[in-house]
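**Q** Take a look at the letters that make up each chain.
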Amino acid sequence: MQPVFDEEEDSSRADVSGEIRLPATLEGAGPLPERAEIVIVGGGVIGLAIAYNLARRGLSNVVVIERGYLAEGASGRNGGGVRQQWSTEINIRLMQESVDLCRRFAVDLGVNVWFRQGGYLFLARSQREVARLEKNIAIQNRCGVATRMLDPGQASDIVPELDLSGIVGAAYNPSDGILFPWPFLWGYARQAAAHGVRIFTQTPVGGLEPQKTGGYIVHTPRGAIRARRLINATGAWSPKLAAMIGVDVPTYPIRHEICSSEPLKPFLRPMVSELTSGLYCSQSMRGEIVGGVTIPGHESTYGMGSTMQFLATYARRLVRLMPILGDIKVLRQWAGLYDQSPDGNPILGPAPGHPDFFLACGFVGHGFMMAPILGKLYGEWLTGGAPHEIFGRYTLARFSDGSAAHHEKEDFNIG
Amino acid sequence: MAGKIVLCRCEDVTLADLEHCVSRGYRDIEEVKRYTGFGTGPCQGKECLAAVATHLAQLTQQPPSAIPPFTSRPPLAPTPLRLLARDPGAHRFPDDPETDRSV
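Residue numbers (our numbering), protein chains in the order written: chain A, 1 to 415; chain B, 1 to 103.
Everything labelled a hint here was simulated from the structure, so no lab data went into it. Wrong hints could be hidden among the right ones.
Across the chosen pairs, the derived CB separations fall in these ranges [claimed, not checked]: (1) A:Asp411 with B:Pro88: 25 to 35 Å; (2) A:Gly246 with B:Asp87: 44 to 54 Å; (3) A:Gly384 with B:Leu76: 49 to 59 Å; (4) B:Ala77 with A:Asp163: 21 to 31 Å; (5) B:Gln58 with A:Pro152: 52 to 62 Å.
Taking lysine-lysine and the BS3-like style, the derived pairs with C-alpha atoms no more than 27 Å apart in a straight line are [said to hold, decoys possible]: (6) A:Lys135 with A:Lys409; (7) B:Lys46 with A:Lys329; (8) A:Lys265 with A:Lys212; (9) A:Lys409 with A:Lys240; (10) B:Lys46 with A:Lys265; (11) A:Lys409 with A:Lys376.
All C-beta atoms, glycine included, are put in the ideal place defined by N, C-alpha and C.
Make a model of the complete structure from these sequences and hints.
**A** Quick look at the structure:
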């Protein structure tokens with residue numbers, strides 16, 4: 001058993017924040033308001049993107065409550081990848097729209113998120129992996145994504161530092177990219193607050209009390225708030241929140257580790273990933289090499305500790321793939337939780353029999369890149385717009401009424 | 001003056017940067033780390049954490065004891081990938097050679 005450096009799930013951190021004071025008009029911490037039209041539980045990118053889009057479309061009285069600090073969960077722990085290379089048409093089309101929103105994010109939300117479209121390069125080490133990429137590329141091309149298959153020499157033209165031994169092919173889409181996750185959240189939070197959303201950090205939910213007339217009383221240490229509707233955007237903690245009202249959400253937490261190196265002069269344009277190991281790495285705008293690897297067989301856990309095994313495995317695969325990085329130093333490693341859904345796809349919309357309890361979970365480690373479009377579609381729907389087809393397809397009911405079997409599984413959750 | 005007082009030498013974070021951060025509503029030391037970048041350089045907070053925490057306590061009018069250190073992250077010191085790659089505990093994928101010349 002490898003030693004695990006414990007990072008406790010619940011810290012005994014002092015209560016220093018309270019209500020996020022972004023615009024001066026919201027200055028001052030205080031108790032929760034008595035009631036809200038919509039309470040969003042979870043101040044990660046999904047919850048904040050939905051809050052921003054609801055408020056922007058004129059819905060007043062939206063409240064976000066976050067257990068810890070903004071970016072404490074997976075939204076602050078991910079690698080920042082944004083790609084359109086997926087395996088199902090619906091996810092590819094969603095991500096095309098998300099990339100468009102990322103390109104405009106800095107202007108629309110007034111914060112630099114260091115979005116950089118350097119492409120995504122997926123490397124195959126077997127003909128089976130090539131076939132998997134080719135199958136996806138055909139669907140991506142049909143949707144208008146310009147992914148193409150490269151031979152090893154062409155991959156080397158894009159990343160000359162690659163050791164090509166064992167590489168038999170690669171999929172490359174130049175318009176995929178990376179962003180810096182933290183400012184993305186701050187942008188959503190600031191603009192949501194500017195549109196009237198109230199955001200409370202350090203506010204864990206202790207219980208949900210369904211009301212006969214609909215809605216819930218949400219109990220927190222900061223007081224109770226009556227919510228006409230509630231959105232569960234708590235990522236890996238979604239099953240726990242849903243269980244408070246007896247709803248069974250079939251997702252489970254899987255720990256994924258990641259690390260960051262010392263900063264280097266910019267040299268690596270695309271996100272590089274190999275299918276065999278789930279290795280991925282990219283160079284952030286700060287110059288650090290940020291990456292991870294998927295060690296198979298890890299059981300479900302809420303622990304977010306770091307292991308030597310991860311660091312050793314990542315280093316071994318990365319130095320083999322890019323020997324030039326051997327002397328680069330790792331500065332820090334950390335972990336985050338994937339909200340793993342049974343078919344690799346999200347779970348959205350109201351829970352069956354609970355019309356005021358909405359889900360926005362099950363993103364399998366890729367919620368960050370989907371948040372811009374997901375937030376927009378959710379915001380449109382809950383302010384009277386027609387529901388996008390994802391809300392009819394990615395239901396919780398699909399796991400109990402057999403309809404999940406008729407949909408394609410998403411099998412390209414890499415990294 | 002605050003713009004000339006350097007709290008984090010690795011990442012050039014000044015007292016003025018910290019004041020700005022607090023004024024924007026980021027008051028938890030973990031948020032301050034992410035917003036300013038302090039403690040994310042080679043020392044990983046070993047030199048700057050106490051200085052930032054002291055000023056953060058003053059700016060947010062709290063006793064210093066109310067501000068715990070941010071979560072410290074392994075490794076203990078910057079460590080080359082080549083050294084880490086030699087650790088025998090690394091997971092072996094089916095295509096991993098028994099002995100790897102590159103490491």
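**Q** Holds or violated: the 52 to 62 Å window for the beta-carbon distance between glutamine 58 of chain B and proline 152 of chain A?
**A** holds, 58 Å
**Q** Do the alpha carbons of lysine 409 of chain A and lysine 240 of chain A lie within 27 Å of each other, as the hint requires?
**A** Holds. Lysine 409 of chain A to lysine 240 of chain A sits at ~24 Å (cutoff 27 Å).
**Q** Given the hint that lysine 409 of chain A pairs with lysine 376 of chain A, test it: the Cα-Cα distance must not exceed 27 Å.
**A** Holds. Lysine 409 of chain A to lysine 376 of chain A sits at ~24 Å (cutoff 27 Å).
**Q** Cβ-Cβ distance between aspartate 411 of chain A and proline 88 of chain B: within 25 to 35 Å?
**A** holds, 32 Å
**Q** Quickly compare the C-alpha distance for lysine 46 of chain B and lysine 265 of chain A to 27 Å and report which way the hint goes.
**A** holds, 25 Å
**Q** For the pair supplied as a hint, lysine 135 of chain A and lysine 409 of chain A, is the alpha-carbon distance within the 27 Å limit?
**A** Since the Cα atoms of lysine 135 of chain A and lysine 409 of chain A sit roughly 14 Å apart, the hinted pair holds (cutoff 27 Å).
**Q** Does lysine 329 of chain A sit within 27 Å of lysine 46 of chain B, going by the straight-line distance between their CA atoms?
**A** OK: lysine 46 of chain B and lysine 329 of chain A at ~17 Å, within 27 Å.
**Q** With respect to the beta-carbon atoms only, verify the hint that glycine 384 of chain A and leucine 76 of chain B lie 49 to 59 Å apart.
**A** Hint holds: Cβ distance 55 Å, inside 49 to 59 Å.
**Q** Between lysine 265 of chain A and lysine 212 of chain A, is the straight-line Cα distance small enough, at 27 Å or below?
**A** violated, 61 Å
**Q** For alanine 77 of chain B and aspartate 163 of chain A, compare the CB-CB distance with the range 21 to 31 Å and indicate the outcome.
**A** holds, 27 Å
**Q** Can the suggested window of 44 to 54 Å be confirmed for the beta-carbon pair glycine 246 of chain A and aspartate 87 of chain B?
**A** Holds - the Cβ-Cβ distance for glycine 246 of chain A and aspartate 87 of chain B, about 46 Å, lies within 44 to 54 Å.
The structure is inconsistent with hint 8 alone, although it conforms to all the rest.
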